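Trainee: What follows is each chain in one-letter form.
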Amino acid sequence: MQLEKGRISGRQMMALIILGRIVSIMITFPLITGLSPVQDAWLAGLVSLAVAIPFLLWIIKLAEWFPDKTIIEYAIEALGPFFGRIIGAAVLSYLIWDIVVATRSIGDSLTVAIMPDTPILVFIIVLLAIAANAARCGLEVFSRMGENSLFVVLAFVLLIWVLPYEKTDFLRLKPVLSQGPLWLIRPSISSFSFYTELIVLGLIVPYLNKRDEALKYSLLGLLISGVILVVFAILVVAVFGPTANGLTMPPYSLTRMITIARFFERVEAISMGVWLLSSGINLATLLWATAIGLAQIFNLKGYRFLVYPIAALAVPLSVVAFESIVELERFLEYDMWGYLSIIMVLVILLPLTAAWLFRRLRSDA
Amino acid sequence: MSIRTRRLVLVVLILMMFLTSCWNRREIETLGFVLAVGVDKAAEEGKIMLSVQIAKPFALAGPSVVAERPFWLVSSTGYTVFEAIRNFLSQSPRRPFWAHNRFILIGEELAREGIMEIIDLFARDGESRRTVQVVIVKGAKAVDLLQAEFELERLPSEGAQGILLGSLAGLGTTVGTELNDLLQMLELPGMEPVALRAEIVDRPPDVDLRGQSKRDVISTSARLSGAAVFKKDKLVGWLGPKQTRGLLWIKGEIKGTVLVVEYPNEQDRLITVEVIRASSKVTPKIIDGKPQIKIEINVEGNLGETQVFFDPITQLEKWASIERRVAEAIRGEVQSVLDAAQKEYKSDIFGFGTSFYRNYYKEWERMQADWDRLFQELAVEIDIRTGLRRSGLAVRGFLDI
Amino acid sequence: MSKILDILKNMLKIGRRGLKEEMEQGAWNAPLSNSLETNEDTISNAFGHSGDLVLRRLRLGSAHKHEILLVYIDGLVDNNLISTAVIKGILSSSKRVSLGSPIDFLQEQMILAGSVKRVSDLMEVLGGISTGHCVVLVEDYCEALVCGVQGAEHRGIQEPTTEVVVRGPKEGFTEVLRINTAMLRRKIGSPRLWFEEREVGTISKTKVSIAYIKGVASQSIVEEVRRRIERITTDTINESGQLEEYIEDAPLSPFPTLIRTERPDRVAGELMEGRVAILTNGTPFALILPATFSMYLTASEDYYERYTVGSALRFLRLITFFLSLTFPSIYVAITTFHQEMLPTSLVLAIAAQREGVPFPAVVEALLMEVAFEILREAGVRLPMVIGPAISIVGVLILGQAAVEASLVSSAMIIVVAVTAIASFTTPIYSLGISVRLLRFPLIILASTLGLFGVFVGLFMLLIHLCSLRSFGVPYLEPLAPVVFSDFKDVMIRAPWWAMDTRPGLIWTERPTLQEKQLKPRPPKAPRKRRKGE
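Protein chains in written order, with the working numbering: chain A, -8 to 356; chain B, 176 to 576; chain C, 762 to 1294.
None of these hints come from the bench; they were simulated from the model.
From a predicted model like this one, the values you see are computed outputs, not experimental measurements.
Check the hints yourself; a few may be wrong.
What the hints assert, rightly or not - Per label pair, the in silico range of CB-to-CB distance:
#1 544/B - 160/A: 46 to 54 Å
#2 264/B - 1149/C: 48 to 56 Å
#3 254/B - 49/A: 56 to 64 Å
#4 1167/C - 254/B: 40 to 48 Å
#5 218/A - 1167/C: 50 to 58 Å
We treat Cβ as the ideally placed atom computed from N, Cα and C, and that holds for glycine.
Chain A extracted, bound-state conformation:
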């Protein structure tokens, strides 16, 4: 607890959640890529949202059972120093995976979309540098920034929803459920990874100002990001029809279709600003969480000095992890990330729940 003295409000936590999801949605949108038939993608989004709600409740409940302790701390407390640290290491490795995937996604997107000749290393280094800088300022600072960035980002998202109106044709969303409802299971699983990243909440919730706000605001954040995902899925299909699943970055291509009175065309460079903002804060959150987790596993006094080394580690990892964008896409879309996330999360959460139940039973008896 002494590691981070800052406290954030529920609304700021919600901002961090939403910004983190926006990164996944607006940059790569793995839900759609390669999905066939693509017009039912939004239903898959709804299904995974529905499944994600109990998952979120699970995380929050766990946090409530061990109040004021981060997930690492109560892992150690509940399962003993050895197994607890193993679980903690699992959490951390998941977070680092998250960082690598997020960095690589936005790096590739920037390279493809905006500045093709720039080596991706430049983007990765700069991005991680500013995120690390933000993370070192402390939880309060970057969540403050997240709070008011949220406003800008949401305004932009609404703008993107509304402006391509003349290119949309909602008939393209038919036929609905042509393959039958069971077909939805696979894409829902792979898009579930979108929500498992919320395990980072295990490290944020203990630092809330008012503890009872945790459930309300995290649920709100989840729902809002889920809605954004579903609406984007609908809109992308409405504009691009069956070609949507061939796009590398569907929402980006959506912004490219915006023309206002033949004057305001090609405003997608502004969407780059939004990417930068949300992924900067998302990476800051993940870096901060990893640093705190690491410090807690090794019982260190402070966490600030860990941030830059973790960021430096992430740089080569992002480059090496995926050889090409095709690998990245396959990883994200074709279940690997989905299954990996689910397994990791179960590995982390089940023992903790079991330990807690065990304790309860023992103390009751």
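Use these hints to put chains B and C onto chain A, whose structure you have.
Mentor: Okay, now just chains B and C, sitting in the frame of chain A:
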């Protein structure tokens, strides 16, 4: 780490940016802004010829506006489109910049062989837009059409844009197909693409104007009207202006047009009706296992002009009669395009198949392989409703002679 | 080696701890002596026989028994007061010196000055003389009277030159502390306006006054201010800007965390919101703290005009602030990296303009910005008679000539000019200057990484702003920790009848500003009298 070290890192980062050599920097004067691009078959076997109109900024808005052609027409060849584009660099001091390109012109010869091989680059590349218009050139090569200029606009792409928008809004005999639409029409089950047709007008023989010339003599212009019909990705035929309008009636994309009908009982007196709103509804039906289509078209118009004295207040039945005649005219156009598509070109450009795909998915899976044949025999029921609403500032005609 | 270190350490030690004591050591830590002669010599020597030191001998009373020495500095005292209050008082005493010492007699009955203090320490005597008091010494007594007869020449109350308003009070602070505190008291008539005076600067002994409204300002902030001011051990404080640098929260940040203002109405307004002000003798600029970012973009006029006007102007200022920071860099980024963002005709027009220009857009931008800074600085330093001429020369001729010589493009001149004008709309000058400097790194970032670079720069700025605190208050409050009730004074200016609570809820002790339901309503029509009433 203290604040000092943080600042140091910041400074180092900034310096790092100095040391790099800004890969993507392009000074604006080093770019050749492409206004329109044309794709043709090259003289050599297996190669394509790409021609671009590159804008000359100083001829447009520089300190001294010169009366010369504001663009430069240059061609290059290659086995694929991307290769041809890169080959431009051996001829043009400025690299072609595609972000402001508005039109892709495809020559008839190349279109008949299939456009699939050439449109991939334009869809995939980040510089080009997906909102470019695709135009097929009838009876000529695309490069010839690129010499066309229009009065009232310095840049021919602006001129063509103006014509396209104007005729979409007021004439209804053109089809606007953006690259995005084209790609979807190619991929959608049960739909064949159509694209805009362009023809060269007034081209004096044997004059090649790729060099400089004074602008007060425009020797080549273009007419944009009608449509090109494809089957899969190969051009199979053309639709005339009235047939194109029929296509638009079916698709419900008419934004405004004008219909001339005969005044009842007087053969050579004509009434002009201005159509202000039209919508259509295509309903697929399966009757006895056979597919059928019902098209309902709703049209609203105003009485625009009469050549004969006509007082609708006392002659209300004439008003209704005119409405009927308008419906007849529309039906004629619709039938003509249906015949052309079903009998002559055998290509489902209306998307009837798609409406089955969307609404009767199970049946569509059965019908899909055989749709070619089924489409030709498709029974189409046309139901047209017209409403004549207003008559301008006058209720009756002016001269009762 | 260790000897060198010892020397270094000694040097540092003197620098840090000993200055105050060192200055006050020496011959001046002595008490007064009995003999007038000695005292006179001591005082003269202390002042180095300065020409403006006046020593006047008098005799007290009609009995002419006691010798009096008057010491004062000519120019610092009000000559009228000296003659009427002190000298006349001393000379006209016809009574005999009654019981008690002549000092008591003088203090209680004879000297007609306002404040008379009795001291016995030489340091205090010298201090009193240097601050415009008149010192009365009596033979055979080692005590002196320090009488307050200050009245130096000073600038009268004029309109403030740096913050001009169209509607509002037109008086500004002057260089004399007492006049400034009086102006504040005139605006705030409550006895709860407290001034805590301190002396800062071991040689300059500048009087500094911490002003706050007891019960409204937060005690912890006042405490903090006190602590920081008392910590200063420098030789001299000339201007409040110096003071600001010693007590501010983030000395390395380009953003100022205190507000400097010349207007008493602004200070009074901020005091009423619960902030603390510091007035410094010798400068008309007062410091206000804690400062939040939104305060830098508000002018006092926003509060005096109607709220719609105030809100619109605030919004405009926000936009122009952003513009002055980013416009050149966005222009460079777009024309160099992202030409696709411009509409076709615009991009061709810009391309045409840049045809003959030899420099890349970045160099052009930097050149023009530097040129403009030079022009601006020259305009400030020039004597007023040549000022207008230079501005005409600079703008018209140089700019036009540069374009025609194809050294710069017209678009760039427009960009630079708009940026410059936008930067002058910032009401608080200190923010405008810092922002001007921040423009340059942003331009460089834009030239290397395009809009990505600009956004990266803005991101870092934003993080920095989010991490700044001014005396404990987050700098971007109420935007950063979002406090909805404070929104009414940031982007918009809510009508006065709607501002129920003080903005700045998180630090004041007295949240309610006024009662609710103060919205003016037209009076109800009088009830019609019914029969029989």
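Trainee: It remains to establish, for every hint, whether it holds in the given structure.
Mentor: Against the structure, the hints come out as follows:
A beta carbon spacing of about 26 Å between residue 544/B and residue 160/A contradicts the range 46 to 54 Å that was offered as a hint. For the hinted restraint 48 to 56 Å between residue 264/B and residue 1149/C, the CB-CB distance of approximately 53 Å keeps it satisfied. A C-beta distance of roughly 58 Å is found between residue 254/B and residue 49/A, which places it inside the suggested range of 56 to 64 Å. At about 42 Å, the CB distance of residue 1167/C to residue 254/B agrees with the hint of 40 to 48 Å.
Our hint of 50 to 58 Å for residue 218/A and residue 1167/C holds, since their Cβ atoms are close to 55 Å apart.
Of the numbered hints given earlier, the model fails hint 1 alone.
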